[in-house]
Amino acid sequence: MTEAAPNGAAMLEIRALRARVAGNEILRGIDLTVRRGEVHAIMGPNGSGKSTLAQVLAGRDTFEVTGGEVIYEGRNLLAMPPEERAREGIFLGFQYPVEIPGVSNMYLLKAGLNAIRRHRGLEELDAIDFLALVKQKMSLVQMEEALMNRSVNEGFSGGEKKRNEILQMAVLDPKLAVLDETDSGLDIDALRVVADGINALRGSDRAMILVTHYQRMLGYVVPDRVHVLSGGRILMSGGKELALELESRGYSWLEKDPAAGAARSTVQGGILR
Amino acid sequence: MNGTNPISELAEREYRYGFVTDIESETIPRGLNERIIHLISEKKQEPGFLLQWRLRSYRHWLTMKEPTWAKVHYPPIDYQNIIYFSAPKQRAGPASLDDVDPELLKTYEKLGIPLREREALAGIAVDAVFDSVSVATTFKEKLAEMGIIFCSFSEAVREHPELVQRYLGSVVPATDNFFACLNSAVFSDGSFCYIPKGVRCPMELSTYFRINAADTGQFERTLIVADEGATVSYLEGCTAPRRDENQLHAAVVELVALDNATIKYSTVQNWYPGDREGKGGIYNFVTKRGKCAGTNSKISWTQVETGSAITWKYPSCILLGDNSVGEFYSVALTNNYQQADTGTKMIHIGKNTRSTILSKGISAGHGQNTYRGAVKILKGAAGARNYSQCDSLLLGDQCEAHTFPYVEVCNASSQLEHEASTSRIGEDQLFYCRQRGLSQEDAVGLIVNGFCREVFRELPMEFAVEAQKLLGVSLEGSVG
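Sequence lines, in order, name chains Y and D. In terms of my numbering, the first sequence has 202 at position 202, counting the first letter as 1, and numbering is strictly consecutive. In terms of my numbering, the second sequence has 424 at position 424, counting the first letter as 1, and numbering is strictly consecutive.
Please note that a few of the clues may not be correct.
What the hints assert, rightly or not - Restricting the straight-line Cα-Cα distance to at most 30 Å, the calculated cross-link-like pairs of lysine-lysine (DSBU-like) are: (1) D:K71 / D:K469; (2) Y:K110 / D:K469; (3) D:K376 / D:K345; (4) Y:K135 / D:K469; (5) D:K43 / D:K106.
Claimed, not checked - Computed spacing ranges between beta-carbons, pair by pair: (6) D:K106 / Y:A22: 53 to 61 Å; (7) D:E454 / Y:E73: 41 to 49 Å; (8) D:E454 / Y:G219: 43 to 51 Å; (9) Y:E123 / D:E66: 53 to 61 Å.
FYI, nobody ran anything at the bench for these hints, they're computed from the structure. Just so it is clear, CB atoms sit at the ideal spot from N, CA and C, and this is done for glycine as well.
Make the full structure from the sequences, and use the hints.
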């Protein structure tokens, strides 16, 4: 990779990544480069491998990586256990945040933050400083304080769960946030709140990968790059306009005529940006 | 001990309390017969009624058979190969802590139980039982000012024989069961506590049991009496050295609550559980029972059982007084080859008696975890109510969880509810926690602690913290 980096050095480089689950190959050679400060959207039809990609990046071992490599900040990401990836600054916003009965939301977040801080050689936050930090971040996603003292995601509405994910991201302050269908299951008001939260966290040091099925989220969080994933491969990449085109023409347009995608992909930078 | 990094504690793979104190002890010959019982009684300079009680118990015990109904397996115990009395050598009944062997004080400090009062946690009075005898009781004078008696059982026999004679065996009769009967014959020491009428005990009382000598059994008795309107919270902790042989611990605890009295009894049991292959460990065969003798009385048991090779234990409540309340909150964890058969009995006799059972069983490794509980509503118990909830959590695929709830209802006006669940620790929960930066083991600890939270919140604060750490350590390496 000797080509000049438009926005500085690559943070994440995915090369020819292949992965399978229960014998089915889901990712069939993914290439993707994400630079500091960039927001990438990954779109695609159901079953295209979007969520698999997100989970493989976070280190979920239900997926078996069968080929390729992922370099994150100059290191081999695939060799790290999930907690090390988290501590090194990778955050996954879950599509279906899991419930953990009896464990307070506040407690989990504090334990996570302090594990990350220890890893980075920072002092752990005590209860008072942590509370102050959380309160400050809660306003980002308009979250009620009561939710912090409830068990993790237990009895949360769909919108509350997603807001909670964004809050966690805000507190944990990742370098690379992978948000897996954070927009799904949100009504329009909640979508706006979540999108505002994400926008507030955009920055020149942070990269984001937004995995989404629909364009509507991208109306609020405008990506730098859009990639279309289908059948475990990136069929096409482009600028933010690509999302609108997909919305109007559907994914079938690409799947029927992959050549269109391939062709487009070669000229992407100049035309669509 | 406090304030240490939980991570480094987790990294400590071995049982932390497995050391042996090098101290000269006085033991009696191995085996059990009437001569041995005379000897124990003589050593303790007991009054005649107690010797007679012991002998009657022993003679009855000879006619009994060891119970086999529990879901636990162990090779036959040779009762003639046990030493029934062992005491650290010192002048009988130390008058103050200055008379206590410094090695002993050091032992308790190592265990995190400072006995020096100026160093002790404010608000907890401790009775330390080492092998067969009580070696120190703290804050005695302060409690005595309020009329509270808190001392070793031996001292109670000497100083308050009338109370002992009146209540000993009144809840767990000498002949109650095989192990209680054995205890009645050979018990050596334990704690005694009496809270007078209308007194609310201002501090937590606690007994800390330590087995040190090899080949000995520990047979202690605890007797707590809360007189009318009295309130007391009592804690019990236990540890033992790491040894390859199994050791028997057959204790009896009796609680008596008179009218409007409340007793809260909390246990954090961490006897040596045996090694990873199941070698060694304590057989914890214990009878605990409370009698709500008076109206509006209340007895609440909370136990966190993480130690012992085998636990056989059913802290129970006899709800005799009208409107009396019985509670049982339990966390039992079995890892490696540990076996636990534990639960409770709630016997409703009085009118409008209420009971709550909340049991959380955690099995890991090859652990066998059984909840066994009985709820009996007798004929006169009009309006009685019980709520039972038994949850099991499985870690790994070699462990087992079993639930045996027995219900017997003889009064149609009663209401009973029973809920039970069995779940496996979720891969998705673990991944979620790890994605937030927690190590695999911290994630397991967090989820398990969450599973137990309803029970932990019944524990006094310091014990709750201790119990959480203990679970983490006990689960070390159980998921991988």
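Results for each hint:
For the suggested pair K71 of chain D and K469 of chain D, the alpha carbons sit about 28 Å apart, so the restraint of at most 30 Å is met. The suggested pairing of K110 of chain Y with K469 of chain D holds, with an alpha-carbon distance near 17 Å, which does not exceed 30 Å. Note on K376 of chain D and K345 of chain D: the hinted pairing holds, with a Cα-Cα distance of about 8 Å set against a maximum of 30 Å. At roughly 28 Å between alpha-carbon atoms, K135 of chain Y and K469 of chain D fall within 30 Å of each other, so this suggested pair holds.
Only pairs whose Cα atoms come within 30 Å are accepted, and K43 of chain D paired with K106 of chain D is accepted, the gap being roughly 26 Å. Checking the proposed 53 to 61 Å range against K106 of chain D and A22 of chain Y shows it holds: the Cβ atoms sit about 58 Å from each other. Checked against the hint of 41 to 49 Å, the C-beta distance between E454 of chain D and E73 of chain Y comes to roughly 43 Å, which is consistent with it. The beta-carbon spacing between E454 of chain D and G219 of chain Y, approximately 45 Å, falls within the hinted interval of 43 to 51 Å.
The hint said 53 to 61 Å for the Cβ distance between E123 of chain Y and E66 of chain D, and at roughly 57 Å that hint holds.
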